[in-house]
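Asker: Here is what each chain is made of, one letter per residue.
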Amino acid sequence: MENKINRITAAVLSAAVIAALVLTTVRAAGGKAADELDAVSFPRPSLSSVVNGEFGRDLGEYFAEHFAGRDMWLGMKAHLEAGVGESIVNGIYISDQRLVDTHTSLRRVELTNADPVNSFASEYDGAVYFVAVPTSAGVYGSTLPEHLANNHEKQQIDRFYEELGSRVRKIDAYNILKPISDNYIYCRSDSKWTSYGAYCVYKTVIQKLVFQPIAYDKYSIRHVFSDYRGDLYDRTRYMKCPDDVLDIYDYSSGAEVLSCLKYDNDGSYHAASVYDLEAAGNGDKYDLYLGKDAPLMKIRTSVSNSRKLLVIKDSFADCFIPFLLQHYSEIAIVSPEYMEGRLKDHIDPDKYEQTLFLFGIDSLSQKGILDLLY
Amino acid sequence: MIYSSLLFIYGFLPVCLLIYRLIPDKHRELALLLMSIVFCAIGGLGYLAVVMLLAALNFAAGIMIDRLRQHSNYSSIPLIFGVVGDLLAMVMFRSGDFTLLTGALGFTDELYPIGIAFMVLSGIGYLADIFYGRIRAESNMVRFGLFMFMFPRIVMGPLLRYGAFRKIMNNRHFSINETGIGFTIFIKGLAKKVIAADSLYMMYSAVRSVDPADLSAVDAWLGSIAYMLCLYFTLSGYSDMGCGLGYCFGLKLPQSFNYPLFTNKVRYFAAKWHIQVVHWFRKYVTRPLSSRTERKWLKKLVFIAAWGAVGCWYTFSISGAVWGILIGSFIMAEGMIHRIRMLNATGVTITFAALALFSPFLSCENIRDSFSWLSAMLGGNKLLADSLTLYLLRYYLVILLISMYASTDLFRNMLMRSGRNRLREAVTAASPVIMIVILAVCTALIAYSGHSDMILMRL
Chain A
189 MENKINRITA AVLSAAVIAA LVLTTVRAAG GKAADELDAV SFPRPSLSSV VNGEFGRDLG
249 EYFAEHFAGR DMWLGMKAHL EAGVGESIVN GIYISDQRLV DTHTSLRRVE LTNADPVNSF
309 ASEYDGAVYF VAVPTSAGVY GSTLPEHLAN NHEKQQIDRF YEELGSRVRK IDAYNILKPI
369 SDNYIYCRSD SKWTSYGAYC VYKTVIQKLV FQPIAYDKYS IRHVFSDYRG DLYDRTRYMK
429 CPDDVLDIYD YSSGAEVLSC LKYDNDGSYH AASVYDLEAA GNGDKYDLYL GKDAPLMKIR
489 TSVSNSRKLL VIKDSFADCF IPFLLQHYSE IAIVSPEYME GRLKDHIDPD KYEQTLFLFG
549 IDSLSQKGIL DLLY
Chain B
1341 MIYSSLLFIY GFLPVCLLIY RLIPDKHREL ALLLMSIVFC AIGGLGYLAV VMLLAALNFA
1401 AGIMIDRLRQ HSNYSSIPLI FGVVGDLLAM VMFRSGDFTL LTGALGFTDE LYPIGIAFMV
1461 LSGIGYLADI FYGRIRAESN MVRFGLFMFM FPRIVMGPLL RYGAFRKIMN NRHFSINETG
1521 IGFTIFIKGL AKKVIAADSL YMMYSAVRSV DPADLSAVDA WLGSIAYMLC LYFTLSGYSD
1581 MGCGLGYCFG LKLPQSFNYP LFTNKVRYFA AKWHIQVVHW FRKYVTRPLS SRTERKWLKK
1641 LVFIAAWGAV GCWYTFSISG AVWGILIGSF IMAEGMIHRI RMLNATGVTI TFAALALFSP
1701 FLSCENIRDS FSWLSAMLGG NKLLADSLTL YLLRYYLVIL LISMYASTDL FRNMLMRSGR
1761 NRLREAVTAA SPVIMIVILA VCTALIAYSG HSDMILMRL
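Taken in sequence, the protein lines are chains A and B. Heads up: the first sequence is residues 189 to 562, going by the working numbering. Heads up: the second sequence is residues 1341 to 1799, going by the working numbering.
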């Protein structure tokens, strides 16, 4: 008798818990679609995806993404696993100093991404520069346990640079950053660098682009956010990880931004700003730098040298671009991730005498990311 | 779709249970079949096609054997046809030599038709049973479809003989009481998979990332132990989940593991490990072969070879067969020295050590790695411990000890022995709450990716 009551309680309780979670999930998924554009959208079935089961997997992913209390569950997981002594949560090495992605050793840079760059450089009149930036796992890989530690990203960058032709000038960001890794050059909760890390690379890059860098002490530095938590935190929700600081480097005696325009894929444009406090306040704080992603952005400054620079970049460049503004009268910024069609449909590269590619190593492992250059 | 995913637990399962509850009892078998078809279709139409073809092949072969058996002696023709078809399907999907063919069906290296190894055994067993006249062929397609790919069984659920399955179906009893038992067993299986097996897999893969030729002895042992436990928790987790799901729908499926790892003889391990699978090989391989000979040594050879087949079934490789042969030979050796008396603890230690020593043959992809792992365990690399050892002990010792305890029957026995005392009452009263807590923990652990699809072995 006692057992029977127990079983019925078990059935009712678990049914109730499951039903409660299902209902909140369904409600949340219904309501969320409108305000969160970034969220994974409901997968569209196609013949091949239904046959090979990809649709089912996407469906599972969509369900997980919209699952009731997802962030709470993730935090619970991180603390449970850390509690029993595990050091790797969702593929991320957790410590109280920083979070380090361990999956990067599985990632391979797509060497074929060098081909579009080479063909771009051969048709282009000006000078082409390439900066491949390691992620925090590349620089802080040595803090990982030995069997995970690697200087893999260094080798990956070297391999990729070998594929780039002689017309492309390569800049070795890894060896700039690695020796100063005791400084705050990478976010602790994000795989990206900090403004200071970007500044250190900027000093070398701008000399290659034939300018004198602005000295560090000329800047006045504002800590805009001191509670930023980045992508690695989002993947683990590990509360003990320290917050990050997002800085703005002001150079008051320098040139000013005259106009900053963002272009959509259809050619329409609207005014934007280099530091977008509004976008940062509403969603991802990292949007502070250059605001929400756009395929093309053009910034004119009061620099009177009539020099123009084309930057082709991923999100690593967001906090890097502001340093360049003191040297060019116009900078065009292209994000291949968001641009549809070919580059030449949107902009004429030959109007710019220099082109700078700046990519994090993780973007370079995506196949075809630079195919728009053809 | 796999049982240990959010979509299954919080999407597919509640919807199915609700539908099952609402429709009248006489349509429930058909409903369960349709749900199973949807389950497979979510995994891909290619998967569904393979599953349906396999079911159709065995269904047709079964009927033909039955007909021919009564009127002529040609019943072995459809038997051979069916068995060869089944085996071909298994070779095609498990050997990895037919990637062109399987690729055309939408199966890639990452995508594997889970459960095919079980379906093939089910099919062959069914045909053999008809051939020997133990059962009549099933003429009800719904029933037979359920036997082959009912969704509470398809992902490594308990293997059944058709006779046993028919009894379970005839005694179908859907009630809230059964559902309660079902949820309890399901959550137990989920915890085995998500909490224990996944953590142990992390530990094992830390060791696996080192070349076996550089492995220190302690690491090799820790890796082997982690693998053995991980395998146990993965397989028994899935079979518990399957069994629990069966109960949820009123089907009393049997459990497959009975705390096999910590026993005082490898023979007992063999009797408690994947019971239905080992039983299948005994019934359809060992017995028919050894009944043809009177010679003792030949019988022994058949016994060992059948264990080789069990091992080969697990990994579909030579090294798996070596594992089976080792287990079989060890059991033989135990039989010869049974007069030596030893303490229980010594027996348990020897058995567990033997299992750990043999496990590289299951875990490594090729036999050369297996041997170099084994030599590392025996100190062949002249390295006792290194920094990895410290890492493993620091981060995984708690998990290892807890899961070793959980894989023994100590807790169950403690409850049994305690009789009607307070401890037992307290545990019983709290069990529904404990269950919900475990469900919450499992949900948290799979919340990031939405599933935990490490299956360790492609079965």
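Hints are not guaranteed to be accurate.
Claimed, not checked - Here are the computed lysine-lysine pairs in the BS3-like style, where the Cα-Cα straight-line distance is at most 25 Å: (1) A:Lys342 to A:Lys366; (2) B:Lys1636 to B:Lys1623; (3) A:Lys192 to B:Lys1592; (4) A:Lys192 to B:Lys1636; (5) B:Lys1528 to A:Lys192; (6) A:Lys486 to A:Lys391; (7) B:Lys1612 to B:Lys1623; (8) B:Lys1592 to B:Lys1605; (9) A:Lys473 to A:Lys358.
It is worth saying that the hints were derived from the structure and are not from the lab.
Asker: For every hint, state whether the structure bears it out.
Answerer: We went through each hint and held it up to the structure:
{"no.": "1", "hint": "A:Lys342 to A:Lys366", "in the structure": "holds, 10 Å"}
{"no.": "2", "hint": "B:Lys1636 to B:Lys1623", "in the structure": "holds, 19 Å"}
{"no.": "3", "hint": "A:Lys192 to B:Lys1592", "in the structure": "holds, 16 Å"}
{"no.": "4", "hint": "A:Lys192 to B:Lys1636", "in the structure": "violated, 51 Å"}
{"no.": "5", "hint": "B:Lys1528 to A:Lys192", "in the structure": "holds, 19 Å"}
{"no.": "6", "hint": "A:Lys486 to A:Lys391", "in the structure": "holds, 23 Å"}
{"no.": "7", "hint": "B:Lys1612 to B:Lys1623", "in the structure": "holds, 16 Å"}
{"no.": "8", "hint": "B:Lys1592 to B:Lys1605", "in the structure": "violated, 30 Å"}
{"no.": "9", "hint": "A:Lys473 to A:Lys358", "in the structure": "violated, 31 Å"}
Going down the numbered hints, you'll see the structure goes against 4, 8 and 9, while the others check out.
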